[in-house]
Structure formats: C-alpha cells, structure tokens
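Undergrad: Sequences listed follow chains A and B, in order. Going left to right, the first sequence walks through residues 1 to 437 as the numbering used here numbers them. Going left to right, the second sequence walks through residues 1 to 274 as the numbering used here numbers them.
Just so you know, these hints were derived from the structure itself, not from any lab. Heads up, the beta-carbon is just placed ideally off N, CA and C, and yes, glycines get one too. It is possible that some hints are incorrect.
[Said to hold, decoys possible] To give an idea of the chain B side of the interface with chain A (calculated C-beta under 8 Å), a few residues:
id	residue
1	75
2	78
3	103
4	104
5	117
6	119
7	129
8	133
9	134
[What the hints assert, rightly or not] Straight line, CA to CA, 25 Å or less: simulated BS3-like cross-link-like pairs of lysine-lysine:
id	chain 1	residue 1	chain 2	residue 2
10	A	432	B	121
11	B	89	A	332
12	B	161	B	149
13	A	315	B	83
14	B	92	B	219
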Amino acid sequence: MTDATADNSPAGPLNSSEYARRLKKRHDAEWRFRAYGLGAIFIGLAFLVTLLWTIVSEGAPAFLQSEIRLNVTFDKAEIDPTGTGNIEDIMKADYAVMVRQALREQLANVGNDRAARAAAHRLLSSGADLQAREIVLKDRTAIGQKREIWLIADGDVDSFLKGSISRDTPEDRRRISNQQIAWIEKLQAEGRLKSRFNTTIFTRGASANPEMAGVGVAALGSFMMLVITVLLALPIGVAAAIYLEEFAPKNRFTDLIEVNINNLAAVPSIVFGILGLAVFINFFGLPRSAPVVGGLVLTLMSLPTIIIATRAALKAVPPSIRDAALGLGASKMQAIFHHVLPLAMPGILTGTILALAHALGETAPLLMIGMVAFVVDYPGGPLDPATALPVQIYMWSNLPERGFIARTSAAIMILLGFLLVMNALAIWLRTKFERRW
Amino acid sequence: MEMARTMTETKAVGASSTEAPKFKIKMSGRGVNVHYGAKHALKTVDIDIRENQVTAFIGPSGCGKSTFLRCLNRMNDTIDACKVSGDLKLDKQDIYDKSIDVVQLRARVGMVFQKANPFPKSIYENIVYGPKIHGLATGKQELDEIVEKSLRGAGLWNEVKDRLLDSGTGLSGGQQQRLCIARAIAVSPEVILMDEPCSALDPIATAHVEELIDELKSKYTIVIVTHNMQQAARVSQRTAFFHLGVLVEEDDTANIFTNPRDERTQGYITGRYG
Ligand SMILES: Nc1ncnc2c1ncn2[C@@H]1O[C@H](COP(=O)(O)OP(=O)(O)OP(=O)(O)O)[C@@H](O)[C@H]1O
Ligand SMILES: [Mg+2]
Chain A
1 MTDATADNSP AGPLNSSEYA RRLKKRHDAE WRFRAYGLGA IFIGLAFLVT LLWTIVSEGA
61 PAFLQSEIRL NVTFDKAEID PTGTGNIEDI MKADYAVMVR QALREQLANV GNDRAARAAA
121 HRLLSSGADL QAREIVLKDR TAIGQKREIW LIADGDVDSF LKGSISRDTP EDRRRISNQQ
181 IAWIEKLQAE GRLKSRFNTT IFTRGASANP EMAGVGVAAL GSFMMLVITV LLALPIGVAA
241 AIYLEEFAPK NRFTDLIEVN INNLAAVPSI VFGILGLAVF INFFGLPRSA PVVGGLVLTL
301 MSLPTIIIAT RAALKAVPPS IRDAALGLGA SKMQAIFHHV LPLAMPGILT GTILALAHAL
361 GETAPLLMIG MVAFVVDYPG GPLDPATALP VQIYMWSNLP ERGFIARTSA AIMILLGFLL
421 VMNALAIWLR TKFERRW
Chain B
1 MEMARTMTET KAVGASSTEA PKFKIKMSGR GVNVHYGAKH ALKTVDIDIR ENQVTAFIGP
61 SGCGKSTFLR CLNRMNDTID ACKVSGDLKL DKQDIYDKSI DVVQLRARVG MVFQKANPFP
121 KSIYENIVYG PKIHGLATGK QELDEIVEKS LRGAGLWNEV KDRLLDSGTG LSGGQQQRLC
181 IARAIAVSPE VILMDEPCSA LDPIATAHVE ELIDELKSKY TIVIVTHNMQ QAARVSQRTA
241 FFHLGVLVEE DDTANIFTNP RDERTQGYIT GRYG
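Required output: the full structure, derived from the provided sequences and hints.
TA: See the structure below:
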C-alpha cells in the first residue's frame, strides 16, 4: 500500500529525471535496432534486384530467336523413293539439300561459287534440316509438295540481329561477312527474317549449336526425378515421422536416431551424390545419367527435411485433439490418421514442397552420378539417359558462344520460374488447408 | 498413522450414512498408487463410485484429482512416465487387466475435458465419429437419430439443429463444451468422467451444464472434478476430497460440506487454503 503511494507521488522513481533519461535510452536503442533491421533488408533487396536484373537482362533476348521463312520443296524422290512411306527412308533423307536449295532460291543471287554458297548456307542453323524432317514426320502429305516453313537462323545471324555482333568491326574479325549482311538485310526487307518467340529453348535437348539447344530434355529429366522423389520421399518420410513422433518409445536409441536425422539434413549434398554413385550405380548396377538414380539420390537428400517438417507439423497439432479422439475410444492409429494427420497436412505439404524445390535446384550430387551428359533425345523412361535443369545450366555456363551465354541466363529464369510456382503452390496449400482449432 | 485412521473412519461413516445400500458400485479403486517417474502423485487411494450418482472430486491444485480421473479410463496410458498400480474395477472387472481392450474401456467410460476440444469438423461429424469407429450405427438414418438424441441429451439440439454441418469450433465456449458432452454420450457410455468441465465457462453456461449433469445421472454414472465448491454441492451426491495425493475423505456431499470429519477437509471447504 505504502509502496504504491510512493510510486505514484511526483518524487517516486518512475518520475525522476534519471528514469526519464533511461527511458529515452531505451527508445533510442529500439529506434537503432529498427534502423539496423531496415538496413539489412535493403541490402538484401539490393542484392536480389541486382541478381535478377543481371539474369533477366542477359537471358531475356534468348526468348526471341531469328527465323527465316522459306518455301521448301519436299523432294519425293529423296524422301520416299519407293512411295511406301518407309520410315527409314524418311529418316535418312538429305533434308539439308532441300532447305539450302530453298534458301538459295530465296536469295536469288548466290551464284555457283562454292565459298559463296557455303556462306549463304551458314545463314541457316545446321539444325534446319532436322526441322524439315520433323515436318515430314508430323505430316506425310508434305512429301512431294512445296511448303512455307519457318527455319531457325544461324546463331551468328541471331547475334548480329540482336546487336552483339557489330557491323563496325572489321570484316576479317567479324563472324558475319559483308555479303551475309547484305543477304540478311534483303531477307529482312522481304519480311522473311524475323525475331520470333523461341520455342526451341523449351522443347529441344542438348546441341552444339546454341540456336538448336534447349532445356526440354533437362526439364523432363528433372520432372522424372521429382516424381520419383515425391513417390518415395513423401510416404517414407511421413511414415518415419509418424512412427518417431507418435509410436517410438522415448529412449536412447530413438534419441540417437533423432540426432542422426537432424545431422543428415545438414550433410553437404555432394556426399549424397557419392553415396548414390557407390550404392546405386556401382553396387546395384543402375545406369549412369539415369533419372531413376537422380531421383533416388534426391530422395535420400529430401528425407531428413521431410521427416523434420512432418514431425514439427505433428507436434504443432494441439494434444487436446488427440485426447478427444482417444477419450472416445479411438485407437492410437485412428486418432492419428483421422484427426492429427489431416490437421498436420498443410505443414507436411509445405515442408515437402520446399524440400522438393530444394531438390529441383540441386546440382552437385547429380554431377557425381553422371547426369552431366550431352543428351539430345528425350528419355523414354527413368532408366534412359537424361540430364537436369540445374546441370544443363552448369554445362551451358561453360560454353563461350554468345548464344549459350544468353541461354544460360534464360535457363536460370526457367528454373526460377519452376521454383516460384512450387513455392506459390506451397503457400496456396498452406492457406487453403490451414484450419483453426 | 493419522492417515490410516482417517481412512478406516471414512469407510465406517460412509457405510453407516446409507442404511440399506440402495446403490450399486459402478467403479472402484483399491490401493491405487500413481507415479510420474519419481513423483508419487497418488498414494493408496481407496474409493467406490456409485452407479447413477454424481461423484465430485475436490481438492487443491496438484493434489491428483485429474490423475485419478484419468486412471478410470486409462487415459494415463498415453503418458510414458505414468505408472499405475493397485486395483481399479469397472463392474467388478479389473480395467488394467491384460484381457481388457482399452478402446472398449474408453467407449464404456467416456470423458469430457477441461477445455472444450471439438474436432475441427462439422457438428454432425463430431457426434457421429464415436459411433462410427465403434460400429454402433449403420446407415445415415441411424446416425441422424444418434445425432439428434445426443444433442438433445446435451441440451444443444435447439441451438444447433439448423446448422449441423457448420464447424464445431465455430460454437461459443459453452456450446462447445456441451457439444463435447453430446459427443461423449453418443457412444452410450456407462460412466462419464468430467475434468473441470465448467472452468472456462460463464455462470449461465455453467448453469446449463450443471442442469445437464443432473439430468444425465439418471442414465449414466458421473464423476466430476471441480474447483467450485458450490458446484460440487449443487450437482453431486458424493464428494471426495484429495490432498497431496491422498484421498482424505469421501462421503455424502451433504456430510462433507456440513460436517467434515477431517480438519484438512474443513480447512479446504472453508477456504483456509487451496
Ligand atoms: N504428465 C505429468 N508428468 C509428470 N507429473 C505430472 C503429470 N501430470 C501431473 N503430474 C503431477 O502429478 C500431480 C497431480 O497432478 P494432477 O494433474 O492430477 O492435479 P490436479 O489435482 O488435477 O490439479 P488441478 O486442480 O490443478 O488440475 C501434480 O503434482 C503434477 O505435477
Ligand atoms: Mg486437473
């Protein structure tokens, strides 16, 4: 009573000038702390913006690609000499001759000089014949007909049009000759050479020519690995977490397991790659460069994260829900599967998706199991050779051509796009299934 | 020494206060000891719980009321450190016997918790969950009947009959607690254990639940833990006073409140401690 009165009197310790000074110090400290926090956030944002800006400004041009519109005659005598549509004949026909012929007809003034013809032919990508073949494979009625098709221009033409090859450079040090520039301008004037949206980068596999290279095969490889990872890591991880959290007796042995799982989550990913190499490839004899091995390695890598996230989600379910179910006579398993698990689901899914997003961007362990491969064709199954998005980025980043530099950044953008989608999915799932109790 | 004397006395007086035994013993404990690890939480408790009566457990915080209540439907099994010894019987059958299935026991001895804990599902699903897992009903019609009967039994039917598919967690605190009671009676238990069911409720909701308990005792045997002396006096026929893990005194409620034999009981009910 007396103390309270003393505190309220003007002379009390809460009214002294000493107290006011300390109060001001406290507020100052708080203000400084906020300033540090804001500063840290701004520095972080600045780095992020710089990073994104570099990648986008480097990569954006790669989403446009120069293409030449030509009237190609699909020579029946070459493609289908027997008239039976024999697939072998169609596959081995020389389409390059046809597209070059079409190009020369279009340019009209190439002449018969070998060097001049070669220079003209270099305007087209060396993959143009593949494009012509694909048209026939898709539509047999094209055989013996003249079709107007868009063919990919050579990487140097593309670089020239995008301004990375300057016309001011002396001709002998330029990758494009004056004659070629003249042809390019002629084709442009006729509306036959244009920058078009680049579908190649999404659909094709590895190629030595930047204009014919794409992340399609790598994306399919990554997708297969993720599917394998989800199918294995989710059930195994959730089951392990449920067992450890709900059923396992609490003793030294389970403590040891718990410590080890936490440690595994911190093991550098390349170690999992070495493990995969030793166990799956050398011991079990699975093929190198195969998505199945990649998926298994990523499963091992994601398991600890999924187990930890699942256990945290299970722990976060209020015990009163368990009690309610048990009190009604539900068995332990019923209580868990009917009540606890559904409530923990948002947390489990979020954790899983984040683990998968991590796995999608993982490169080091995949290098160890030989997924650094030059794979042109789509893998038919998880045992066929494939590569992965981040590995493709790594491989392209080692190449000097201007086209590959742009494609490296473009592939990074595609990978970031996938990661963004996965994270958005995680957030969406969390808000959708989150229930209050 | 003193404790032993009190207990024999308790039994003698308890028996003499009801001339002809018009009641049946539904549950009983003999020499029940509970340890949480090294902590001796309940010390040699002997008690009889009478059928179709309300028995109230009172006593200061931490004296072991909840612990004993949770022995009666073996909810203590979920606590690893908890070790129960002694004889606990339901209808003369040892409930800790190996042959007893705890799932069936908990269906026969239902429980209502201190904090209302409806499942975050619809009111309807809350009620039918118990009958479903025990296979007490087949078909929608039977389940509908159980839902109506249980909600009427818990005095909640009129308030929620138009929104059975709304979430159980959307109800008010008092309604949630009555929903939990309805959920417990939906499996037709024989005994209902209530651990401070009204501690989070306002006086009006409390009055509702108390009325309900009074009605329920015609069909069920009820054990209720309460910190509210008036509540114990209002709803119970028998009262047991626990102190520091010891069952000090167990008698007709009227006797406990007007004429306690142990001075610890006297001290507690007159508010000297606790
Ligand atoms: N899970 C547990 N682990 C260890 N000790 C426990 C546990 N539960 C209860 N105890 C101890 O057992 C004793 C009795 O606890 P109990 O919960 O039965 O008390 P209570 O009479 O219900 O108290 P309250 O009125 O506060 O609810 C207390 O000393 C408590 O610390
Ligand atoms: Mg308690």
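Undergrad: The structure should be examined with respect to each hint, and the outcome stated for every one.
TA: Structure-based check of all given hints:
no.	hint	result
1	75	holds, 6 Å
2	78	holds, 6 Å
3	103	holds, 5 Å
4	104	holds, 7 Å
5	117	holds, 4 Å
6	119	holds, 6 Å
7	129	holds, 7 Å
8	133	holds, 6 Å
9	134	holds, 6 Å
10	432(A) / 121(B)	holds, 15 Å
11	89(B) / 332(A)	holds, 23 Å
12	161(B) / 149(B)	holds, 11 Å
13	315(A) / 83(B)	holds, 24 Å
14	92(B) / 219(B)	holds, 19 Å
Violated hints are absent here; each numbered hint is respected by the structure.
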